[in-house]
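J.: Given chain A's structure and the hints, the job is docking chain B onto it.
Top to bottom, those sequences are chains A and B. Per numbering that gives the first Met the number 0, the very first residue in the first sequence carries number 0; after that it's consecutive. Per numbering that gives the first Met the number 0, the very first residue in the second sequence carries number 0; after that it's consecutive.
Watch out, some of these pointers could steer you wrong.
It does not matter which identical chain is used: a pair holds within one copy or between any two.
Stated by the list, open to error - Here are the simulated lysine-lysine pairs, BS3-like style, with alpha carbons at most 30 angstroms apart:
| # | residue 1 | residue 2 |
| --- | --- | --- |
| 1 | K259 | K288 |
| 2 | K259 | K235 |
| 3 | K294 | K35 |
| 4 | K35 | K106 |
| 5 | K256 | K235 |
| 6 | K311 | K294 |
| 7 | K256 | K162 |
| 8 | K12 | K311 |
| 9 | K35 | K256 |
Treat the hints as calculated values from the structure; they're not laboratory data.
Protein chains: 2
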Amino acid sequence: MRIGIAGYGNLGKALERLAEDNPDVEIRGVYTRRNKEEVVTDGAPVYSFDDLYYHTDEIDVLALCYGSSTDLPRLTPELSAYFNTVDAFDNHSLIDEYKRRVDSVAKASGKTSVIALGWDPGLLSLMRLYFSSFLPNSSVNTFWGRGVSQGHSEALRRIDGVKQAIQYTVPREDALTLASLVAHPLSNVERHRRVCYIVAEKGKEDFITREVLSMENYFAGYEVELHFISEEEMHKYHSSMTHRGRIYALGMSGRYKEVKHSAYLDLDIGSNPDLTASVMLAGARAAHKLSLENKNGAYTVFDIPPSYFAPKECKNVNNYL
Amino acid sequence: MRIGIAGYGNLGKALERLAEDNPDVEIRGVYTRRNKEEVVTDGAPVYSFDDLYYHTDEIDVLALCYGSSTDLPRLTPELSAYFNTVDAFDNHSLIDEYKRRVDSVAKASGKTSVIALGWDPGLLSLMRLYFSSFLPNSSVNTFWGRGVSQGHSEALRRIDGVKQAIQYTVPREDALTLASLVAHPLSNVERHRRVCYIVAEKGKEDFITREVLSMENYFAGYEVELHFISEEEMHKYHSSMTHRGRIYALGMSGRYKEVKHSAYLDLDIGSNPDLTASVMLAGARAAHKLSLENKNGAYTVFDIPPSYFAPKECKNVNNYL
Numbered sequence: 000m001r002i003g004i005a006g007y008g009n010l011g012k013a014l015e016r017l018a019e020d021n022p023d024v025e026i027r028g029v030y031t032r033r034n035k036e037e038v039v040t041d042g043a044p045v046y047s048f049d050d051l052y053y054h055t056d057e058i059d060v061l062a063l064c065y066g067s068s069t070d071l072p073r074l075t076p077e078l079s080a081y082f083n084t085v086d087a088f089d090n091h092s093l094i095d096e097y098k099r100r101v102d103s104v105a106k107a108s109g110k111t112s113v114i115a116l117g118w119d120p121g122l123l124s125l126m127r128l129y130f131s132s133f134l135p136n137s138s139v140n141t142f143w144g145r146g147v148s149q150g151h152s153e154a155l156r157r158i159d160g161v162k163q164a165i166q167y168t169v170p171r172e173d174a175l176t177l178a179s180l181v182a183h184p185l186s187n188v189e190r191h192r193r194v195c196y197i198v199a200e201k202g203k204e205d206f207i208t209r210e211v212l213s214m215e216n217y218f219a220g221y222e223v224e225l226h227f228i229s230e231e232e233m234h235k236y237h238s239s240m241t242h243r244g245r246i247y248a249l250g251m252s253g254r255y256k257e258v259k260h261s262a263y264l265d266l267d268i269g270s271n272p273d274l275t276a277s278v279m280l281a282g283a284r285a286a287h288k289l290s291l292e293n294k295n296g297a298y299t300v301f302d303i304p305p306s307y308f309a310p311k312e313c314k315n316v317n318n319y320l
Numbered sequence: 000m001r002i003g004i005a006g007y008g009n010l011g012k013a014l015e016r017l018a019e020d021n022p023d024v025e026i027r028g029v030y031t032r033r034n035k036e037e038v039v040t041d042g043a044p045v046y047s048f049d050d051l052y053y054h055t056d057e058i059d060v061l062a063l064c065y066g067s068s069t070d071l072p073r074l075t076p077e078l079s080a081y082f083n084t085v086d087a088f089d090n091h092s093l094i095d096e097y098k099r100r101v102d103s104v105a106k107a108s109g110k111t112s113v114i115a116l117g118w119d120p121g122l123l124s125l126m127r128l129y130f131s132s133f134l135p136n137s138s139v140n141t142f143w144g145r146g147v148s149q150g151h152s153e154a155l156r157r158i159d160g161v162k163q164a165i166q167y168t169v170p171r172e173d174a175l176t177l178a179s180l181v182a183h184p185l186s187n188v189e190r191h192r193r194v195c196y197i198v199a200e201k202g203k204e205d206f207i208t209r210e211v212l213s214m215e216n217y218f219a220g221y222e223v224e225l226h227f228i229s230e231e232e233m234h235k236y237h238s239s240m241t242h243r244g245r246i247y248a249l250g251m252s253g254r255y256k257e258v259k260h261s262a263y264l265d266l267d268i269g270s271n272p273d274l275t276a277s278v279m280l281a282g283a284r285a286a287h288k289l290s291l292e293n294k295n296g297a298y299t300v301f302d303i304p305p306s307y308f309a310p311k312e313c314k315n316v317n318n319y320l
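This is chain A alone, in the form it adopts within the complex:
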């Protein structure tokens, strides 16, 4: 399988490195919008973004390693006219529209796009669907973190007077306990607190604090912790890329719902971009197989039979004992 890597940030770099462990994968090239002379890879050839259009026959799946806020919504529909693609689009509120747009282009051009495939949305979405569908009378709660939320960090950076900022999403301990004991869906506000580290311009701390605490959809209503730190501290203590996702699913059966069932998943992530890249690589396999069967359009994990992700042949359930 010949993979093209479009975008060479943390995600693209992780994907290149992972390919070394997968003998069935060849990295055809890294495609960048920066000056290609300035991009140093681990060995993969570097091309300009525009060279992509000369390589349409040499790439089986193009891995789109861009952000979800502006790049993917614009680039994926464009590129899915020429390539099978895989991406980790994670803007939940826009995903329906995104899927429709990519689907219509890919169907028209006979290409296959696997979209929104990372660890969440992606792996954790699958767990929630299966737990919800398979456990009787089930209730499911997801907890993210401790780990950086890019969206919330960017929201902080847009505030006047913020020079640098990072936001950790952290599960509330009381909510973790509750979710493990009681079949009741908790809100995002009930499940998480938001811990912010900010490098601020002098004297702007009070203004920033008020702005953060009143920001609707991001911080208002949440338990928020604000720490104003120096640039040096930011650099020294806040470069970790670990993350974590936990799901508590509880079900009940029996005449009086007296029989309890539970499924608990704990995904502990050493490097967010590395795991995302690994899931995307499995998604590239699925896109490639679907494409070989002329199954075109936009697919999420919910639309794809699990066997399509397996690196080895997988004809039956006893292949994964």
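T.: For chain B alone, kept in the frame of chain A given last:
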């Protein structure tokens, strides 16, 4: 969705009760090979097994609530000529042949059979496949129990001098620790010990002990605990239907494989037949939907897009946030 229940043991009874919680499900009837006058249900009409052939147009999916050792291998290929079916066939070594036989009949008759769908094989098979495919350089270990293994209990009962017997599969504590720390696949013998409770004929204890400890594929090589107990004790202490399944998946990434990722699943089952029935009900939904799309043949969970199991409409990953 109109469900027929073929076989009315613990599994069939659990399925009938669960249907009450699912407004989209109607139990068309319970079909029994026993004298139907002696079968008392929770409300569903009771028919003789042979009446099935008069109800082919009134049942959307037939749930086959039989054992895997003799009944399912014989009955599923027969019934899949007339019905969409779902079953929890769990004899791993025979599953390839079973799938081929059911597939050819179902394809020829335009029916859909979802096979081998319980919590394992089934839910845990899915988790293993996804963890294996999505985590980089992954290693996966499954632990069953503490819970009763029907196959091992039956193997004990076949020994001369055994009046009653039950076998609990129990994870070894040392193996649980190892699997949580080291990416290395452990053998079944390394992962589990086998705890047996036996009601024996007088004076047969030594003979039975030798037979058990030397039984290949079942007990030989394992850490085995044997307890000879009275019929009264068997009745009083060994009727629980709880079970448990745990999966440890470890992955690693980075240039020197220095970055660790882990996925841990803990499925705690209050009643083995209740959970199996619940999973089968989701499988019946999938069989029904596949059949409506004229997708015929035998399907395992690996062949079915996840969305087919969802009780609610499921067009996109944001339907399971």
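J.: Give a verdict on every hint.
T.: Here is what the structure says about each hint:
In this assembly of identical chains, K259 and K288 lie within 30 angstroms of each other by CA distance solely across copies; the values are 29 angstroms between and 40 angstroms within a copy. For the identical chains of this complex, K259 and K235 are inter-copy neighbours only, at 22 angstroms across copies versus 46 angstroms inside a copy, given an alpha-carbon limit of 30 angstroms. Within a single copy, K294 and K35 get their C-alpha atoms no closer than 34 angstroms, and across copies no closer than 49 angstroms, so neither meets the 30 angstroms cut-off. Within a single copy, K35 and K106 get their C-alpha atoms no closer than 32 angstroms, and across copies no closer than 54 angstroms, so neither meets the 30 angstroms cut-off.
In this homomeric assembly, K256 and K235 come within 30 angstroms of each other (Cα to Cα) only across copies, at 23 angstroms, whereas the closest approach inside a single copy is 52 angstroms. For the homomeric pair K311 and K294, the shortest alpha-carbon distances inside one copy (20 angstroms) and between copies (25 angstroms) are both at most 30 angstroms. Taking identical chains as interchangeable, the C-alpha atoms of K256 and K162 are never at most 30 angstroms apart, the minima being 54 angstroms within one chain and 34 angstroms between chains. For the identical chains of this complex, K12 and K311 are intra-copy neighbours only, at 25 angstroms inside a copy versus 39 angstroms across copies, given an alpha-carbon limit of 30 angstroms.
Taking the shortest Cα distances, K35 and K256 sit within 30 angstroms of each other only across copies (28 angstroms), while inside one copy they are farther apart (62 angstroms).
In this structure, the hints that do not hold are numbers 3, 4, 7, in rising order.
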